[in-house]
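For chain A, the structure is supplied; the task is to place chains B, C, D and E on it using the hints.
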Amino acid sequence: MAVSWLRKLASRTQVPVFPVLGKQGDRALRYLALSPEIELVDSPRHASVLLIAGEVPADRFEPLRRVHDQLPYPFTTLWFRSEPWPHLENVPRVEKLDELPGALITAHRELMAGQRDSAPRILTDKPPNPWKGEGDFGQGGEGMMGGVPYGRPMAMNMQDDIRDGLTLDSLTFRLGPFFSAFPPGMMAEITLQGDLVQTWSTQLAPYPQSLDPVFFTARERPVPIAELELARARHHLHRLFQALRLAGLENASLDALRLAQNLSTSSTLGGLRRRLVRSGFFRLSSMEGGVLDPEQARQIGGPAARAAGLDDDLRLEDAGYRRLRFSPACQTHGNTRARWQQTLNEIDQSLHLAQQAERDEVYTSEVDRIETPRGPWSEQGPEDASPLLDEVLPGLEWGEALATVASLDVAAVVNEGGGTQTPDELRVVQGGSGNVFK
Amino acid sequence: MFLNELLLPVLMVTFMLTVGAYVVAVLDRLIAGAFGAPQAGSVWLAPMARGAWLMTQHANATEAPDWQAWRLAPALYLALAAIGLAVVPWSESLVATDLVTSVVLWGSVEALATVVIFLHGWSANALLPLIGGYRYVALGLSYILISMFVLIGVALPAESLQFTQVVASQEALWNVLRQPLGLPLFLIVGLGMTFWGPLNLADSADLAGGTASEISGPPRLVWDVARAAMLVAFSGVAASAFLGGWLGPWLPGPLWMAIKMLAVLLVLLLLGRLLPRIAPERCVTLMWVVLLPLSFLDLVWAGIGALL
Amino acid sequence: MELLTLLFILLLSLGAGLLVQWLPMRHQPMPTYPQRAPFLGGGTPDSHAWSRYHVRYYPMTLLLIAFEMEMMFMYPWAVVFVETGMKAMMEMGMFLAILSVGIVYAWREGVFKWQ
Amino acid sequence: MTLTTLLLLAAALIGIGIYGALSQQSFVMLMMGLEMILNGVMLAAVAFWAFSGAGVPEGQLLTIIVMAVMAIEMAMGFALVVAVFRGKQADMTESLTGLKH
Amino acid sequence: MNHGIGVDIAFLLLATLAVVTGWRVFRTDSMVRASFFLLVSFIAVGVIMILLAAEYLGVAMFFMMAVEMTVMALFMVMFMMNPAGLNPMNMVHQERIAIGAGIVGFLVLGAMALFAVFPDQPVSASLDPVKSLGNEMLGDSMLIFESAGLVLLTTMIGVVVLSCHRGRYGAAAEGSLPPGLEPGGDPAGKPEEDEEEEGGGHHHHHHHH
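Protein chains in written order, with UniProt numbering: chain A, 1 to 438; chain B, 1 to 308; chain C, 1 to 115; chain D, 1 to 101; chain E, 1 to 209.
Just so you know, not all the hints are guaranteed correct.
[Claimed, not checked] Facing chain C, according to a computed beta carbon distance under 10 angstroms, are these residues of chain A, among others:
id	residue
1	L71
2	R152
3	M156
4	T191
[Stated by the list, open to error] Here are the simulated distance ranges between beta carbons:
id	chain 1	residue 1	chain 2	residue 2	range
5	A	M144	D	V69	17 to 25 angstroms
6	E	R27	D	T2	47 to 55 angstroms
7	C	V104	B	L270	28 to 36 angstroms
Because the hints were derived from the structure by calculation, they are not lab data.
Keep in mind it's a predicted model, so treat the numbers as computed, not measured.
Where is the CB? At the ideal position from N, CA and C, for every residue including glycine.
Chain A on its own, in the form it takes in the complex:
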């Protein structure tokens, strides 16, 4: 009796969802961030529903199985625009974005009401290494440091520390591809000593990101600059949303997301920027790390390069932009702070350009060489720059390293786009009313 009462109450909580992002799953993430009944959590331990958003490639099935089994009982799963594994029975699958929150709530309520069983474990119940029966107490270890106590070896000092003279144990692990502070799909093997990154090797590149369809159109024919610039600003705002969430500014991050949703030529960045500056985002957060030298900056391109002092911008070569008297703004330091200041400046600049371009009805003139928000796209689109992280991150403190990852837009751009989006998605991505070109 008492239990059913407890469960009834429990079903009314905000649904804690752990999102596993597949390809193009970040849209669902942004949609859910603004859904009142949903709480996105960072750890599967805190979740009641595992959401697989977007198609997860086969090479990430193993990590997905691991995360699936890390949710404590009772839990359930929901597959959004991806095919549930055949051996999972009665797994709901959702296609439409605006049905997603409702489906998540139903899943949680049914789970609490006992109308749906908790999802089964997929992996066999075995420790990572067999260990029973060895050692003094059957703990599996040998001597001081040897063996595999409780199924795992102990950490050893593998390499000298790169900052301090003391050499202590280093911890090596693989993080991702479903870690919320990483770009979707990225996995890295990291060695830490204390909380300092000793080595970093990116093992799985992040999923290629799809840009707004207007960028693909711009590769084919001239498009209104206003539309292009609004899409650019929106892209940057989406990145800002992730970074602010990571920095502990949840409310500001939602503001950034809302601004992106309702972006129009009359939008201004002023309020958000003031808020960030006043909150001390540029002074208190981890901002000093990840300095790019010119070579690295050229490799990654785009705003990150301009933040490091390179004034390359393909928009300079476009007659339409020249009419608007466009000139790129740059930062000099090339660190995380410079990148965010650059990003904010570029959003601001894009909004101004969009405003002017709308008034004068300016169109782009170049189609072969365009500047995407991710970087220049001439013969080839912006490519995956995640190997760059291997050089930039060693030596940084953990928080600094993750802030650096968030500030660098490393994912490649998918080569063909546009056609895959369904109407409801477009509405979400472009935020409905604001866009004058519809």
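What follows is chains B, C, D and E alone, placed relative to chain A:
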């Protein structure tokens, strides 16, 4: 005697623990809503529903945790919050335990909180909680000196280490005006000891929940409640030390106390929503190089003020 | 008596905290090994997390021990401060000055940075 | 709770401390033993202060000074451990037998 | 000193706690547990001190020891192999002698406690222990107080000199490390470490990553 000296204090503290934690949850939700977080359903019911869900969720385990320490840490944190609440005076006579050295006892609660939070991060035997625990120690060992200097500042005019005396000494002028640096510095300590908002180095987003990233179900409920209760205990201490505790016209003392505690809570929760998480290295430098000298200044100011 | 009450409150809240954790867990089976693996976003660790952890701020902690000792002297001083008057002020001023030298020196040596 | 029982407790703590300080191989554990001895000493000092010192303030002062000794011992001890570890990658007492290396 | 039965019971429990946790310090494999067992032992003694009317010293013991034992735990974990005791271990030498010495120490001191005659001059109930301590420190024992400050300053400087990396290798490595000049290369501006500085049998492989 038994009734007055044992039962009443215990009831008072239990009441404050539960109601206080609930109020914190509701207030934080209201503030988040005011800043534009999407919200649905009743604000008043939400903390209960969440608690109920955590009670139905199974507790997680890791491969080889330090079981005793892992389960003890949330309970100990709650116990520390209870001790903090026990030394807060509600009126001249209504105080759960009126220890002669209650100001020092609160200092000890702060120091022991560091131990408990570290233990919580350590005992899971998982990487992200471990980093969270160690990060917190950097913060915990930095704020403790500031807190002590500031509290010694309020003990000077009271000539006592007892919170009832500290409140009584503010009859003429509250310490918040007499020692203007004190309360702001002390609020930072409060954010630190509950690792709230900008000082959430222990359970931060970049560690997927830090020391709490591996716990679920009832242990997580206790941990969250303890954290909220600690915030309440802190606001009680801050209200007694700087805002004149039960002193105030017209209304009865305990009511004044409740109002002042709410005010402190509100400020803390606002700060928690407005500021980004500070980088650990910058935090340590800031605490030792800027805030600690400021707390020296506060003490000297308090000393001169007490002599005049 | 206050102390005993305090001990009682301590034990009671500690007991409540443990009970809330223990009661629902009595009937729960031990989670499976895959569930018990540490969460690393789907990744795996090579070893146990417990290790000789490189505490990057260790000089600061040593400084704190020395510093905290001062606090021992400060509390009794605070109680007699007003009745002793100017003398106490001067004395504590000297004490604080000595300490400030320590902090400034440590700061110059980069003690508060991550080593 | 009499002076005798308190002193017996202090003696027990000191005894454990002596065992720890003599038997432990690692510096830090050895320091634990020393701390335990000082723990007993402090208790004894306070017991004397309370029962046969008529509350002279020197009794309390003695305890504080013991605590200060403890703090200094710890701080310097750990600093030395760091310095030694930097040089020799060891934290065992045996590894310090020869000063030449 | 007059006290009720409650105080006696509390004393007995606390004394047991202090001794048992004190003993566990040297009998547990986990370094973190060892330090926090010691902390519990200290806290038990602190509570006994409060029962003895030393209200300030007892409470001060809590915060002093909480901080000291946290630091203790940090350093234990830093420098001990197998710090969490995942494999059981017994790192003792000359254990018999040590046990003997411990027992002898206890017996000698215990005998003194039992057979020596101490003056019976309990603290008067009217004494304010904190105040008397404060007055003592600002009066007769002022020199002790001030010299303690100087000694602690010396400690601070000593600690910084001994433990800081910077003092030995120069300041270049502090703060964040600059990235490599070429991909995968050495960090720019990293000082060459002096190989002769490092004695002992450990192997160095500085520039391999």
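Hints versus structure:
| no. | hint | in the structure |
| --- | --- | --- |
| 1 | L71 | holds (8 angstroms) |
| 2 | R152 | holds (5 angstroms) |
| 3 | M156 | holds (8 angstroms) |
| 4 | T191 | holds (9 angstroms) |
| 5 | M144/A - V69/D: 17 to 25 angstroms | violated (33 angstroms) |
| 6 | R27/E - T2/D: 47 to 55 angstroms | violated (29 angstroms) |
| 7 | V104/C - L270/B: 28 to 36 angstroms | holds (34 angstroms) |
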